[in-house]
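Visitor: Chain by chain, the residues run as shown.
Number of protein chains: 2
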Amino acid sequence: MASIEEKRHTLAHVLAAAVREQYPHAKATIGPAIDTGFYYDFDFSGGNAPKEADLVALTESMREILADWSEMTGIEVPEKDAKDRFAGNEYKTELIDEIVGKGEKITLYTAGGFTDLCRGGHSEKPSKDIAADSFELERVAGSYWRGDENKQALTRIYGLAFETKADLEAYKEQIEEAKKRDHRKIGQELDLFTFSALVGPGLPLWTPKGTLIRHLLDGFIWELRQKNGYDRVTIPHITKKDLYIKSGHWAKFEDELFRIKTREGKEYAMKPMNCPHHTQIFDRKPHSYRDMPQRYAETTMVYRDEQSGELGGLTRVLSITQDDSHVFCRPNQVKEEFFRIWDMVDTFYGTFGFKMQPRLSFHDPEQMEKYLGTPETWKQAEDSLREIAAERNAEAFIGIGEAAMYGPKLDFMAMDSLGRQHQVATIQLDMLQPERFDLNCTNEKGEKEQVVMIHCAIMGSIERFSAVLIEHVAGNFPVWLSPTQVRVLPVSEKHAEYAATISTTLTEAGVRVILDESNESLGKKIRAAKADKTPYVIIIGDTEVASQKLTIEGRDNGKEENVDLSEFVSRIQKEIAERA
Amino acid sequence: MASIEEKRHTLAHVLAAAVREQYPHAKATIGPAIDTGFYYDFDFSGGNAPKEADLVALTESMREILADWSEMTGIEVPEKDAKDRFAGNEYKTELIDEIVGKGEKITLYTAGGFTDLCRGGHSEKPSKDIAADSFELERVAGSYWRGDENKQALTRIYGLAFETKADLEAYKEQIEEAKKRDHRKIGQELDLFTFSALVGPGLPLWTPKGTLIRHLLDGFIWELRQKNGYDRVTIPHITKKDLYIKSGHWAKFEDELFRIKTREGKEYAMKPMNCPHHTQIFDRKPHSYRDMPQRYAETTMVYRDEQSGELGGLTRVLSITQDDSHVFCRPNQVKEEFFRIWDMVDTFYGTFGFKMQPRLSFHDPEQMEKYLGTPETWKQAEDSLREIAAERNAEAFIGIGEAAMYGPKLDFMAMDSLGRQHQVATIQLDMLQPERFDLNCTNEKGEKEQVVMIHCAIMGSIERFSAVLIEHVAGNFPVWLSPTQVRVLPVSEKHAEYAATISTTLTEAGVRVILDESNESLGKKIRAAKADKTPYVIIIGDTEVASQKLTIEGRDNGKEENVDLSEFVSRIQKEIAERA
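Protein chains in written order, with the working numbering: chain C, 1 to 580; chain B, 1 to 580.
Honestly, the hints are just simulated from the structure, not real lab data. It is possible that some hints are incorrect.
What the hints assert, rightly or not - A short list of chain B residues far from chain C (calculated; beta carbon distances all over 12 Å):
1. Tyr109
2. Thr164
3. Asp255
As the list claims (entries may be wrong) - Partial list, computed: chain B residues near chain C (C-beta under 7 Å):
4. Leu198
5. Asp231
6. Thr239
7. Lys246
8. Arg284
9. Met301
10. Val302
11. Asp305
Ideal Cβ placement from N, Cα and C applies to all residues, glycine included.
Can you build the whole structure from these sequences, using the hints too?
Guide: Take a look at the structure:
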């Protein structure tokens with residue numbers, strides 16, 4: 001039985017066969033399996049190219065072809081045979097040259113009379129293995145040969161493919177749901193952030209409501225940090241380049257820095273990270289072992305010169321607000337500090353119902369040029385992370401090549417309510433910057449002892465976390481985070497007085513209330529509350545004025561009648577305090 | 001009787017006479033009166049120059065000369081006579097050419113046989129008018145002819161001069177006191193901020209204690225703003241230059257902007273002010289008159305490319321944290337909004353005991369090129385400020401040429417405990433940016449109505465305000481602002497337990513406490529508390545353990561014995577809550 005990857009890869013061949021049948025001028029290039037199916041890149045420059053509207057017919061044609069592919073077989077051929085077969089297709093020719101250059105074997109795979117250059121990894125019995133209704137073509141996109149925008153422009157056709165029709169439908173529903181929950185859409189609807197053409201893409205402007213949420217999230221982080229002995233510090237957003245030359249960032253990240261030349265010709269940069277600045281605060285005075293650890297926290301923006309094509313919504317921005325922290329500690333304090341942070345991460349993400357999966361992000365020994373330090377320092381640092389994860393009984397998986405420039409990381413993947421994984425919190429162990437900046441404390445014996453730095457952003461960035469959270473809850477923020485927590489809606493003017501009393505009582509109890517005194521109909525007022533995703537709507541009509549009780553429409557819990565105001569006040573206060 | 005300016009000017013002549021007597025090679029250039037006395041610039045390049053140590057003798061010699069100057073008289077002379085008299089002094093020759101060029105008269109003033117080129121404005125009877133002990137030479141500094149560093153380097157000799165010896169002494173004492181209170185010195189002693197050569201001058205790094213103070217100050221501002229209906233917003237620290245072209249900042253402030261060219265060659269700038277960004281938040285959607293005013297607050301850094309020679313301590317920095325706000329309101333709401341802000345300014349500065357003096361900062365009609373807008377808009381805006389000040393019965397004085405580029409300001413000068421005035425809060429009325437950005441709301445008639453912007457930073461900048469406050473209180477922050485509010489000092493180990501109970505009780509009551517459990521002597525612990533300027537020190541010895549009462553050493557109120565813990569807790573909580 002073929003694996004899903006093999007099936008997807010096979011379907012890429014089927015797509016190529018279908019395209020060549022309907023568009024004989026098309027030159028097939030490369031077509032791999034991907035996470036949700038497959039794609040194939042074609043050069044249609046010799047004639048017309050399929051459009052989105054043509055995909056249904058093309059899918060049909062794939063199904064017909066697949067029915068005929070009872071077997072797929074591979075053979076090894078000499079260079080000349082391969083080149084003859086793909087004469088006139090300069091892409092396949094280039095691929096053949098490449099295979100030959102590496103001294104590898106050239107293999108061709110054939111099914112139903114269609115042959116493609118391929119390394120293998122297919123279903124051997126496509127028509128039997130692959131259900132005809134388990135796949136469909138999804139969309140058409142532009143691409144370039146070898147992904148290089150200076151090379152030939154190609155057309156990429158994407159297909160979705162799963163084990164069964166049910167899986168395919170489930171995935172499509174998830175995509176539909178994800179579109180509805182798109183943070184860019186909800187962010188606009190709930191008036192959380194905006195963009196301005198004058199300010200530029202990738203530079204979100206946060207409205208009052210969005211800023212309130214930012215402050216509440218950051219306040220939660222600070223509450224956790226304060227309990228764990230952190231202090232806040234403050235740094236400027238620029239520095240002389242000297243700081244980054246010393247830290248090593250200049251050499252590795254020069255292109256991604258926003259660089260500034262002052263009027264006096266001095267070179268400055270906007271900070272892409274906060275750690276080098278924080279080392280300078282730590283290093284302002286000598287430290288005794290008695291002062292250790294020093295724990296600095298700062299929520300502040302960092303800046304990366306991203307390519308504008310990569311910018312979108314809140315997930316890829318030029319100015320990123322990190323809820324950053326740096327612990328300067330002795331080597332023997334690393335474990336406890338990691339556990340403290342891990343606890344904070346668990347508390348924070350647990351509050352929102354995310355399932356967390358830790359990843360040990362290690363360096364790639366094949367690419368040492370990407371990192372600072374020696375293989376020995378790396379081994380030492382990675383071993384201690386392994387130990388920490390083991391001691392915590394965490395099912396951490398290892399990500400090779402995912403380390404930071406200066407050390408390995410413990411990254412956290414959060415699984416959202418749609419089952420999607422997002423990289424969020426990160427804890428990084430850094431022995432290299434303390435070495436480069438000569439950061440130390442005096443130990444019990446009066447000797448200089450080099451300290452270790454632990455970097456950690458719990459939210460990662462407020463922008464990315466906000467995007468993930470908005471989509472996770474579909475804009476239905478928990479009560480403590482909702483910009484408006486309660487709306488009080490008097491049915492008519494004669495209910496205004498009691499409604500105002502309720503609104504005042506709630507406001508004085510620290511609840512964010514809107515008293516909707518507009519002349520609109522009750523229906524319209526309720527729709528406004530729904531559009532706002534307000535957790536509680538209190539409707540005040542004759543009955544409520546008479547009984548002096550509340551009728552509450554709960555966003556999450558439905559309707560309740562005859563509620564005592566003081567009971568509701570205690571309940572919502574508790575819900576807010578507990579971040580329920 | 002001569003005015004103090006005339007006396008000071010006369011003393012500049014006396015200084016020149018004394019210098020020429022002792023340093024015959026010196027060429028006198030220019031010597032004006034200044035706020036605290038006078039100075040004179042000399043070219044000593046033909047021989048030796050006086051040092052700081054020579055000033056006492058030079059002052060003595062001035063006194064002898066002054067005694068002989070019973071009369072000072074001026075005469076008008078033709079160009080040739082003047083040039084003959086100053087033959088060999090290229091500076092005076094240049095000045096004579098300048099006077100002639102302007103078609104003005106050349107006047108020479110003589111006393112005691114010493115003649116100088118001068119426009120007049122002296123004491124006519126120097127030896128009678130000027131008390132010999134009312135002045136003294138102060139210091140020697142470098143300068144340049146015409147203040148131009150490409151021209152001849154000169155030596156500037158400064159003198160202090162007042163009406164009486166008592167005034168002179170009082171001024172010198174104030175200077176001594178100011179030196180002791182220098183925020184750079186106290187900031188270092190109290191470990192509030194630091195600088196790093198790698199980060200660069202003008203870029204303060206705020207330590208945990210300094211950052212705590214920043215947050216407390218900013219929290220106070222936010223408390224005031226929240227009560228007045230403000231919302232916080234958040235903007236990135238950069239923007240495409242398009243925003244500043246539209247706002248008008250690019251044309252007026254291009255040189256002072258930190259400019260950035262991205263890797264794609266796009267032009268960005270770091271924000272030198274927040275208003276243009278805030279207009280984009282206001283303008284994200286249409287506004288009805290019912291939504292007005294919109295009040296946005298944001299404490300955030302702005303950046304100015306200052307010349308490095310101008311940087312020093314916290315008063316001149318490259319990155320400035322503004323407690324900024326922008327009210328977008330209808331013209332008929334301006335007055336109320338100004339009064340609201342004015343109240344906040346009074347409350348904030350009143351808390352610290354500053355005496356405030358408002359200034360109406362108007363434009364200079366002679367220099368319209370410095371401003372945006374027409375004389376009519378300016379008149380309208382300045383008239384409404386005048387009206388606002390009048391209605392408030394404020395003794396505001398007018399500062400011509402002190403306006404912002406886009407409108408007049410109501411600035412506040414705070415007088416500190418040494419009697420020095422500092423420009424702090426500023427409220428600005430802006431009708432021009434709303435015009436340039438086409439900011440409007442729909443009025444009751446359904447018409448578009450252009451809004452007005454009111455800019456206001458209450459602290460001005462946290463950096464400058466911190467510097468002013470540190471010097472105002474000489475580092476003795478009020479209890480609510482003190483990083484450590486109480487230190488508990490057990491005399492020896494047997495007092496540790498009771499001391500710990502007290503410390504815990506206070507911490508749980510929200511007080512910032514240090515329990516000094518070190519093995520140091522009580523004397524050393526007390527010195528540490530004094531060095532930290534801790535408001536309350538609780539000493540726990542045998543007596544206190546026996547009585548279960550406290551002995552408190554108050555920084556401001558002296559010693560108290562037999563204090564009940566719960567009584568002290570309520571007292572300090574009240575002091576903190578009331579920002580006493």
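Visitor: Next, verify each hint and record whether it holds.
Guide: Going down the list of hints, with the structure as the test:
Against chain C, the non-interface label of Tyr109 (chain B) holds: every CB pair exceeds 12 Å, the least being about 42 Å. Once the 12 Å rule is applied to beta carbons, Thr164 (chain B) is consistent with being away from chain C; the minimum gap is 45 Å. A beta-carbon of chain C is positioned within 12 Å of the beta-carbon of Asp255 (chain B); the least distance is around 6 Å. For the restraint placing Leu198 (chain B) at the interface with chain C, the shortest Cβ-Cβ distance is roughly 4 Å, inside the 7 Å limit, so the hint holds.
About 3 Å separates the beta-carbon of Asp231 (chain B) from the nearest beta-carbon of chain C, less than 7 Å, and the hint is met. Against a cut-off of 7 Å between C-beta atoms, the interface hint on Thr239 (chain B) holds, since the closest Cβ of chain C lies about 5 Å away. With a least beta-carbon distance of about 6 Å to chain C, the hint placing Lys246 (chain B) at the interface is held under the 7 Å criterion. Taking 7 Å as the C-beta contact cut-off toward chain C, the hint placing Arg284 (chain B) at the interface holds, the least distance being around 4 Å.
The beta carbon of Met301 (chain B) comes within 6 Å of a beta carbon in chain C, closer than 7 Å, and the hint placing it at the interface holds. Look at Val302 (chain B): its Cβ only gets to about 10 Å from chain C, farther than 7 Å, so that hint breaks. Taken as an interface hint, Asp305 (chain B) checks out: its beta carbon lies about 5 Å from the nearest beta carbon of chain C, inside 7 Å.
The structure fails to meet hints 3, 10 from the earlier list, while all remaining hints are met.
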